[in-house]
Amino acid sequence: MSSQQPPTELDRNVLTKTRDARATGVDDRFNSRLREAMGSTPFILTKFDKFMNWVRGSSMFILQFGIACCSLEMIHAMMIKHDVDRFGAGVPRASPRQADLIIVPGTIVSKFAPRMKRVYDQMPEPKFVVGMGSCTISGGPFQEGYNVVKGAEEVIPVDIHVPGCPPRPEALIYGIAKLQEQVANGETSPVVVKPYELEEFGNMPRDEIIEQLSDQINEDDLAMRYNWGDSP
Amino acid sequence: MLQAVLQTDTVLLPERLVDLLRLGEFGVVGEFIAGLIAAFLVANIMLIMTAIAGPWAKRKIRARFTDAIAVNRVGPAGLLIIIADAVRLMSKEIIVPEGVDRPAWELAPIVVALSALLGFAVIPMGSGIHVADPEVGVVFVFAVASLASIGLVMGGYASNNKFSMLGGLRAVAQNIAYEIPLVLVAASVVIFAGSLQMSEIVAAQQDTLISLGVVDIPMWFAIINPFAFVLFLAANMAEIGRNPFDTPEAPNEIVAGYQTEYSGIYFVLFYLGEFIHIFLGGAIIATLFLGGPAGPGPESLGFVWFLVKIWAVFLLTQWMRSAVPRVRIDQLIEIGWKGLLVLSFLNLILTALIVGVITV
Amino acid sequence: MSTLEEPEVEPDGLDIDAVHERLGDRVLDTEEHINAPGIIIRADEVEETLTILRDEFDFDYLACVSAEELPDRYETIYHLKQFADPTRELSIVVPTDRDRPISQSAAHVYETANWHEREAYDLIGIEYDGHPNLKRILLPDSWTGHPLTDDYNQDKPQVVSYKAHENPLLEHTKEDDGETMLINIGPHHPATHGVLHLKATLDGESVVDVEPDIGYLHRCEEQMCEQGTYRHQIMPYPDRWDYASAGIINEWAYARAAEDLADIEVPEYAQILRTMGAELCRMAAHFLALGTFVLDVYGEFNALSMYAIRDREKVQKLLEDLTGQRIMFNYLRLGGVAWDIPEPREQFFDDTRQFINEDLPESMDEVHDLLTDNEIFQLRCVDIGVLPPKQAKQYAATGPVARASGIDMDLRRDDPYGYYPELDWEVVTDDGCDIFSRVMVRVREVEESAKIVDQCIDLLEEWPEDEREIQANVPRTLKPDPDTRVYRAVEGAKGELGIYIRADGTDTPGRFKIRSPAYCNLSTLPVMAEGDFVADLIASLGSIDIILGEVDR
Chain G
0 MSSQQPPTEL DRNVLTKTRD ARATGVDDRF NSRLREAMGS TPFILTKFDK
50 FMNWVRGSSM FILQFGIACC SLEMIHAMMI KHDVDRFGAG VPRASPRQAD
100 LIIVPGTIVS KFAPRMKRVY DQMPEPKFVV GMGSCTISGG PFQEGYNVVK
150 GAEEVIPVDI HVPGCPPRPE ALIYGIAKLQ EQVANGETSP VVVKPYELEE
200 FGNMPRDEII EQLSDQINED DLAMRYNWGD SP
Chain C
0 MLQAVLQTDT VLLPERLVDL LRLGEFGVVG EFIAGLIAAF LVANIMLIMT
50 AIAGPWAKRK IRARFTDAIA VNRVGPAGLL IIIADAVRLM SKEIIVPEGV
100 DRPAWELAPI VVALSALLGF AVIPMGSGIH VADPEVGVVF VFAVASLASI
150 GLVMGGYASN NKFSMLGGLR AVAQNIAYEI PLVLVAASVV IFAGSLQMSE
200 IVAAQQDTLI SLGVVDIPMW FAIINPFAFV LFLAANMAEI GRNPFDTPEA
250 PNEIVAGYQT EYSGIYFVLF YLGEFIHIFL GGAIIATLFL GGPAGPGPES
300 LGFVWFLVKI WAVFLLTQWM RSAVPRVRID QLIEIGWKGL LVLSFLNLIL
350 TALIVGVITV
Chain R
0 MSTLEEPEVE PDGLDIDAVH ERLGDRVLDT EEHINAPGII IRADEVEETL
50 TILRDEFDFD YLACVSAEEL PDRYETIYHL KQFADPTREL SIVVPTDRDR
100 PISQSAAHVY ETANWHEREA YDLIGIEYDG HPNLKRILLP DSWTGHPLTD
150 DYNQDKPQVV SYKAHENPLL EHTKEDDGET MLINIGPHHP ATHGVLHLKA
200 TLDGESVVDV EPDIGYLHRC EEQMCEQGTY RHQIMPYPDR WDYASAGIIN
250 EWAYARAAED LADIEVPEYA QILRTMGAEL CRMAAHFLAL GTFVLDVYGE
300 FNALSMYAIR DREKVQKLLE DLTGQRIMFN YLRLGGVAWD IPEPREQFFD
350 DTRQFINEDL PESMDEVHDL LTDNEIFQLR CVDIGVLPPK QAKQYAATGP
400 VARASGIDMD LRRDDPYGYY PELDWEVVTD DGCDIFSRVM VRVREVEESA
450 KIVDQCIDLL EEWPEDEREI QANVPRTLKP DPDTRVYRAV EGAKGELGIY
500 IRADGTDTPG RFKIRSPAYC NLSTLPVMAE GDFVADLIAS LGSIDIILGE
550 VDR
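Residue numbers (numbering that gives the first Met the number 0), protein chains in the order written: chain G, 0 to 231; chain C, 0 to 359; chain R, 0 to 552.
No wet-lab data here; the hints were simulated from the structure. Since the model is a prediction, treat every value here as computed from it, not as a measurement. Some hints could be false.
Computed beta-carbon distance windows for the label pairs [said to hold, decoys possible]:
no. : chain 1 : residue 1 : chain 2 : residue 2 : range
1   : C       : R72       : R       : E460      : 53 to 59 Å
2   : C       : P225      : R       : V381      : 29 to 35 Å
3   : C       : W336      : R       : E210      : 31 to 37 Å
4   : C       : I109      : G       : D214      : 46 to 52 Å
5   : G       : E169      : C       : E97       : 52 to 58 Å
6   : R       : Q346      : G       : E169      : 20 to 26 Å
7   : R       : T228      : G       : R205      : 20 to 26 Å
8   : G       : K177      : R       : E460      : 40 to 46 Å
9   : G       : K46       : C       : R72       : 18 to 24 Å
10  : G       : K177      : C       : P225      : 18 to 24 Å
11  : R       : D128      : G       : D214      : 20 to 26 Å
12  : G       : K177      : C       : F141      : 49 to 55 Å
Every residue, glycine too, gets a C-beta built ideally from N, C-alpha and C.
So that you can see chain G by itself, here it is in the shape it has in the complex (with noise of 0.2 Å):
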């Protein structure tokens, strides 16, 4: 019992520092333990975090993934003319192992929310997020619908937001580009919303509607809690 106390003091040092890196603009998201045993500002480290900012800032392979409308408009900034492999970033995956980037391009609803967590969950670290068009900021147009999940930013961590509806080719390359900057400057922005998890179907406090449910869903299928009135 008592051995674990020494262990939370650490952690809880561990967490101070890394909320200090966060707050100094270093990123917290390649923090590594070998950075950790040697210090904060090691010469080779940091010219190797330098090195690895770029590599990452410079190179993105994309991810296959629309939603909407706005998925067109990234269809034509990936495709002649906008062409956005310029930027080292044009090259399609189709599977989220292997992909680096997701652009979410268009508007989450209920039905699709658990999906595009799980997919978000399949890609490998260190992963990035652009949130293209009004929809996955707020909702967008359709804010107000019973079905629409507002912004995407329920769901999963967003690290640019690209506003418009939708977006033109151009807007989205520029969202790219800043997002290649941040990351190559080593300051994506760090994750400031509790996503939604998925939560086996059992382990929700039950309340009315989960008792309503509980002859449709098994008690260890995962499930997502929607609170409509509380969400912006």
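Using the hints, position chains C and R against chain G.
The following block gives chains C and R in isolation, referenced to the frame of chain G:
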């Protein structure tokens, strides 16, 4: 005519290294070290070529075909993307999905990448770069290259994913259907050269067929028997799984086929394996049909000519990729068994006739 | 009920008295909708009545099923039409009790009623007796309540279950013989053109069964439109139904219904502008259809899909000049359009002519070169994904999908609107019924659209300057009479895009129902794909050309 061919004497790269580094006094150990160095050199040449082809050349070529520009911001002409892509892919998290068949899942990418690399051991690349020259060179290269399909089916099966499974099965069906025509067409070259040894096959194509004034048309097998050349090109496309025969990883049907679940370094190995395979296909074509490293100019330029030839084959695969639809898996098998197999038997008879005429 | 005004289009040739006589006692009452006469029948005689109408009066086309909640009852309206002459319309109104909304299903008479009734059950809550598979279609299975009813509280939390298929490795065999395998194509899959989920049961590589699972982009378009005022607030939404640049056509569908409802006459000059805009949109949409279809058959990033997008980019440039936006045009207004051709007019005409007369023929040559003359392409597409005309009619397929099955119906010609009747163009049909015909129909429709745009340009250029009237007089607030109902359709890029509106006397619609062509066309996928290979399933799906925004609304 054929007798003259047999007199050629090849000095292999390890032997040269033994001389150069004075390893002779260490006996077998020295030869072993020299072999290792030679293999290392050749492997690195191929890896560098794949590194250029995968992240950069492929995109640039595709862009040319489609009026686009492709990478041009990272370094001069986008060349630094090679480093960026390679390092980034290698540094990605490796996700091991639940329920994978662990040793097979991890071995698969290595088998794929290695099998293609091994094939280069017996390819004469000109300018004295030739690691080994066994008497059964042709057999060796096909045997090794087809190991890749074991890797593919291992990966597809072990991934525990239905799309991977389909991709793996497709890869096997396809490789079996096209391996036989491929080997049969190669056999026609063997009949022509009278040897299974790679150096002999290259040497057999050295002579001049017809002299048209200043231009000498060499006795390349592609010129003597264009029919066999076309057959081999087609079968090779299927063997390396490129358009129109890229069904094993058809992204719009089965996501990414056998490599769906692979990320990070394992994906790099698969990717690498694919490209080395394309180059190995090119190297086999160059050796069997295009006179290997032969070309105008001094013999030391041989390696350059060899590179030109395999890049030409690479270019062809990319051209096909942007212009030709993908055939369906059953049509592909049908083309393989009913079309190419029959044609390659015909080709054997045809070659026998040609060889008969030449020797008479 | 109410007999409000004379139907605008006379149902010529339709002998309504003969229908009454034949149906006899089954007719409880009649009512008059703006587009068609309505017959009210009992909820347990639906199947019988519709069978008579289908077999004896040639009503072979169930255009739409709209369900709605009224203060004292629920109602299902079956909008019947004839493929031979879509102006012969008949509405069958089936009222059901508020307490026990159970109505007999029409799914055994018209296959297309299957999905329509599932949607009505999902959103309104009417139960259909005898329906083969009555479960939710757009919303998740675990949803509680029916959102388009009055007492639905949308602030209540919902639990969305991830449920089935979260692990594709679980054994899902259809029969317990272990011979088949279920794969989930989508909702995130490169070939689904958005977020569609296909539950495909495979035997080896061939498809035994495929079941489209939609609703991953159900953005409550009908609710949005029911909340907006007729005059301005609804118009931006149609752009987002078929977002493949078919915006102006979608807007026109709403405009046509609302203008009929409010009795607005559109000036001729505005009609030409609308016609031109709509055809430019059709071209852009077909280019996208071609581009994405080619992606499915050729593999990613081949030259042809790039070229298709390049041409689409050119059309979008023209549309941007005309409307100010690339995709979401919001160009039409009730009674006209937002503005005239941009100044300098000559510039616009020159650009359009340049595209129509020079760039387009060139790229069409390219398309034929790379696509239709390609033998491997023909190997993949000819006689694959066959949709026989009879099935197409049963599933109410329209647009290029129906015309490629030899059904000669095009609302632009058969139910004329806009400026189409004055122009010289042809309806493209093909009786191949396969994937290849569907692609060819689209390619040739692009050429026909170009002809229409060319003629419109000539007309617009010669139009006298002082008669360029782009907008009719429309009252600031539109309040159509209560209980007027209208179902009006236009020929969308994917087929018949219909709007059903019931006015309730306020400035917002009481019920706004969208008949989406892609929704009905998608329901034909099992017919096309079953028995074929997985690759054919993907190609068939591509050839239907679905836009999920329109399917799920």
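Hints versus structure:
R72 (chain C) and E460 (chain R) have their C-beta atoms about 44 Å apart, which leaves the hinted 53 to 59 Å range violated. Remark: the range hint 29 to 35 Å for P225 (chain C) to V381 (chain R) is upheld by a beta-carbon distance near 30 Å. Checked against the given bound of 31 to 37 Å, the beta carbons of W336 (chain C) and E210 (chain R), roughly 34 Å apart, stay inside it. Range check, I109 (chain C) to D214 (chain G): Cβ separation about 50 Å, and the 46 to 52 Å hint holds.
The given range of 52 to 58 Å is broken by E169 (chain G) and E97 (chain C), whose C-beta atoms sit roughly 42 Å from each other. Checked against the given bound of 20 to 26 Å, the beta carbons of Q346 (chain R) and E169 (chain G), roughly 22 Å apart, stay inside it. Remark: the range hint 20 to 26 Å for T228 (chain R) to R205 (chain G) is contradicted by a beta-carbon distance near 43 Å. Distance hint check for K177 (chain G) and E460 (chain R): the Cβ-Cβ separation is about 44 Å, which falls inside the suggested range of 40 to 46 Å.
For the pair K46 (chain G) and R72 (chain C), the supplied restraint of 18 to 24 Å holds, since their beta-carbon distance comes to about 22 Å. One distance hint, 18 to 24 Å for the beta-carbon pair K177 (chain G) and P225 (chain C), is violated here, with the actual separation near 54 Å. Between D128 (chain R) and D214 (chain G) the CB atoms are about 23 Å apart, so this pair conforms to the stated range of 20 to 26 Å. Look at K177 (chain G) against F141 (chain C): about 51 Å separates their beta carbons, and that is inside 49 to 55 Å.
Checked against the numbered hints listed earlier, the structure breaks hints 1, 5, 7, 10; every other hint is satisfied.
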